[in-house]
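K.L.:
This is what each chain is made of:
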Amino acid sequence: MNRQMVINTLGHITLAAGALMTLPTLVSLICGEYRVMWSFLIVIAIALALGLLMKFVTKPTSKIIYAREGFVIVSFSWIMMSLIGALPFTISGEIPSYIDALFETVSGFTTTGASILTDVESMSYGLLFWRSFSHWIGGMGVLVFVMALIPNIPDRAIHIMRAEMPGPEVDKILPRARDTAKILYIIYIALTVIEIVLLKLGGMPLFDSVVHTFGTAGTGGFGIKADSIASYNPYLQWVITIFMLIFALNFNLYFLLIIGRIRSVIRSSELWCFVIIVLASVGIVSLNVFHIYGSFSETLRASAFQVASIISTTGFATTNFDLWPGLSKAILLFLMIVGGCAGSTAGGLKVSRIIILMKAVFRELKKALHPRSVRVVKMEGKKVDEQVLSGVTSYFTVYVLCIIVIFILLSIEPVSVETNLSATLACFNNIGPGLDAVGPTLSYAEYSPFSKLLLSAAMLLGRLEILPLILGLNPLLWKKR
Amino acid sequence: MKIIVVGCGKIGRAVIESLVREGHDVVAVDNHAETIEEITNLYDVMAVCGSGTDCDTLQDADIQKTDIFLACTGSDELNMLSCFIARNLGAKNTIARIRDRAYNEKNLGSLQQQLELSMSINPERLAAYDIYNVLKLPTAAHIETFSTKKFEIIELVLKEDSPLAGTRVMDLRKKYPANFLICAVLRQDEIYIPGGAFILKSGDRIAVTAAPNEIIKLLRHLKLTKKQAKNVMILGASRTAYYLAKMLLATGSSVTIIDKDPEVCKTMCEALPSANVILGDGAQQELLHEEGLNTVDAFISLTGMDEENILISYYASTQEVPKVVTKVNRDEFISLANRLGLDTIISPRRAISDLMLRYARATQNTVGSNVETLYKIMEEHAEALKFHVSSDFKYTDIPLKNMHFKKNILIAGILRNRKTIVPTGDDVILPGDKVFIVSAGHRLLDLEDIID
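Same order as they appear, the protein sequences are chains A and B. Going by the working numbering, the first residue of the first sequence is number 1, and it counts up by one from there. Going by the working numbering, the first residue of the second sequence is number 1, and it counts up by one from there.
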């Protein structure tokens with residue numbers, strides 16, 4: 001393994017973490033929170049020292065990395081970012097326990113939005129900003145961000161992109177990895193700016209607009225109010241609903257739209273499947289909860305917002321959906337598993353995987369009837385390679401296995417089965433709030449430190465789609481060969 | 001520049017690799033999913049799975065904005081057709097690999113015109129031409145000719161008893177009354193651009209630049225002149241062998257071609273009645289001797305197997321054959337073959353990727369670069385480039401010794417008013433000159449890139 005290159009790249013990531021913290025430092029300076037500002041500055045100094053050390057101690061003789069280095073770089077980078085990102089919360093004293101701070105930060109970077117805070121509104125602006133900003137960074141990927149910026153990226157950086165970007169297949173939309181990373185970030189930034197402007201125009205204060213946009217863009221879901229989005233006016237709720245859905249779509253579609261290939265966008269079966277799932281869920285939930293709200297517009301708004309929030313794995317709420325009838329809650333749990341589209345900032349299993357899985361199942365059924373029949377699974381008008389197919393099925397198996405293991409371990413906690421199951425699903429799929437004791441109005445504060453660490457691991461597993469983390473942390477890989 | 005490469009076989013990969021290293025935006029197209037997967041793992045390219053003749057696939061590869069479209073699948077017809085389609089869809093330049101004899105010899109010109117091809121490439125023919133060049137001057141391991149024969153770079157491997165071994169580079173000009181320059185030395189896979197104090201050793205591969213007549217003079221002083229190879233033995237009746245034999249026969253050499261496939265021998269015999277075609281296994285040393293290995297001027301191994309080529313060539317070189325040429329396809333084997341003392345290696349893949357590189361840089365000319373030609377020399381460790389000096393070059397009329405060049409860059413020659421100057425420290429560059437630069441480890445696009 002090319003250890004030198006791995007450590008060198010980790011050095012770059014650490015430096016990037018330090019650099020990114022200058023923004024919240026500025027926010028706390030502007031808001032006059034000097035105590036918080038100093039804690040940020042201390043952490044920046046630590047990150048700089050550590051990063052420069054790792055960068056200059058190593059002398060990579062070869063810049064070539066293989067898949068294994070890609071996995072190791074990605075998993076260690078995410079752990080490193082989380083460990084460093086949690087420091088300001090503890091140093092400033094606003095979250096005294098480091099494990100709590102770590103949970104909060106992992107939840108931020110993995111765009112989960114699960115919180116241990118019982119009183120969000122008492123937090124300082126600097127830390128609130130950092131919490132939400134971590135959503136924005138983690139949404140598109142820390143390494144993709146670094147790749148877009150630094151010129152000295154490793155050869156074969158595709159291994160890093162593949163390990164960090166969600167979805168069964170990672171398509172480059174431009175020939176070079178660096179250009180692809182850049183264009184994705186340009187689209188991401190443009191959409192972010194549009195949403196901030198739209199929210200500001202709707203009368204939301206600037207700080208709130210920025211923070212909520214970060215939460216939407218990364219499909220994270222950290223809010224700054226105890227009741228999440230409920231206190232904002234209907235226009236703002238609709239804007240956030242629409243943007244949650246926009247950020248749950250495959251970013252390649254926006255690129256195709258920009259270069260004028262509208263036909264390819266319209267023909268995307270993943271897009272239509274996503275739209276159908278959303279519309280059907282909104283319809284069923286609306287009928288189911290109509291008696292609670294009474295008015296048609298309010299019912300539609302509440303169900304659309306909650307459905308968009310869960311399927312995009314954001315986790316904002318405008319109403320306490322824990323009080324909804326069982327059918328609606330069941331649909332929300334199902335949406336948690338579905339997740340957004342491949343190539344988006346959303347978590348979950350991903351719509352494209354579900355399409356491929358369904359088609360593969362149908363093929364097996366038909367094969368049982370006509371044992372000699374030859375069939376290919378097609379997706380977006382193209383044949384799905386058998387290797388991708390087996391990759392998707394084995395991913396699904398590992399996915400289910402992970403949920404079972406985490407759920408059983410979490411069930412040591414003396415809370416209801418519904419709480420533990422929804423907490424597992426909500427963390428593993430990067431949504432945030434679950435049901436019952438971890439419902440939208442409550443928090444994860446009641447869990448023991450062990451469970452918090454377990455759920456942090458679950459969030460990381462979910463964000464990196466399991467395999468990179470399991471493989472990257474396997475000591476067998478680090479051995480010299 | 002945006003370049004699409006259709007067909008990711010041996011040739012396709014070699015081209016992709018060198019183009020990516022040059023910093024071009026490359027899109028690879030192939031209809032095997034596994035190949036596509038492998039290509040994206042190895043190189044920083046975008047890869048599209050599909051046929052080169054399929055409009056949708058080409059649209060996915062963004063054909064409208066493509067500067068160069070290269071089709072190099074195994075099938076000539078597929079290549080031509082996909083170039084035709086690509087051209088209609090808006091590709092600016094199309095290049096097809098066309099290697100069938102029937103196309104190449106009869107109506108290539110009109111085909112190119114009809115299909116609006118910018119160029120057709122034929123790796124085997126290129127390789128044959130390279131071998132033919134070397135056979136004209138058998139002491140050289142490799143020859144490149146620039147600018148209508150005004151300037152040549154030859155590569156020599158210094159033997160144990162070479163008079164050059166042990167001398168300092170600065171003493172050479174006094175010792176030999178020829179006007180030449182040693183512009184690069186390859187020693188154990190390590191490239192050096194030698195200064196005056198550099199001492200040559202036996203086993204070094206050196207690149208010498210001079211006007212062609214000066215090179216003959218130098219070789220005569222070194223007692224290295226050998227007559228042009230007249231009696232040539234070729235192993236393997238491949239396409240390359242056909243083109244080479246045809247060129248050699250046209251100049252009156254005698255050619256023996258050995259192959260173990262009766263069908264192939266028959267077709268070769270039909271195509272080249274004056275060649276001596278032998279049916280037999282070239283790996284049998286007995287057969288080689290029977291057919292006169294000890295009397296030939298040159299032995300050329302062109303079978304489809306690299307291993308076979310290397311081993312049989314090695315045997316031929318131990319039998320004191322004056323010139324041994326080996327075809328090696330895999331890059332990994334080239335330095336291995338060099339270590340066995342085989343200095344003249346011909347690689348069709350390299351020939352093609354060099355050609356494409358040259359073509360890409362020449363196309364780039366229109367967007368700011370002023371490289372006129374480019375050759376990879378010294379087994380791809382260094383580049384030789386020709387620049388045209390425009391009037392806005394900032395460093396004209398300064399003696400070379402006062403200019404600060406980047407490391408590993410050498411002005412190997414200046415062409416002024418159709419005269420070749422091998423420069424010393426007192427020479428200057430003037431507008432209108434053509435300047436030959438040898439560089440290692442740089443990617444030069446403009447003449448000013450050489451200044452530190």
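Simulated from the structure, these hints should not be mistaken for laboratory data. Please note: incorrect hints may appear among the correct ones.
[Stated by the list, open to error] Quick list of simulated restraints, FRET-style, between CB atoms:
| no. | chain 1 | residue 1 | chain 2 | residue 2 | range |
| --- | --- | --- | --- | --- | --- |
| 1 | A | LYS382 | B | GLY195 | 34 to 42 Å |
| 2 | B | THR267 | A | PHE396 | 51 to 59 Å |
| 3 | B | MET119 | A | LEU476 | 47 to 55 Å |
| 4 | A | PHE396 | B | TYR129 | 53 to 61 Å |
| 5 | A | SER394 | B | LYS10 | 52 to 60 Å |
| 6 | A | GLY381 | B | MET119 | 47 to 55 Å |
| 7 | B | THR318 | A | LEU52 | 55 to 63 Å |
| 8 | A | ILE470 | B | GLY23 | 31 to 39 Å |
For each residue, glycine too, the CB sits at the ideal point set by N, CA and C.
K.L.:
Against the structure shown, which of the earlier numbered hints fail to hold, in ascending order?
P.N.:
1, 5 and 6
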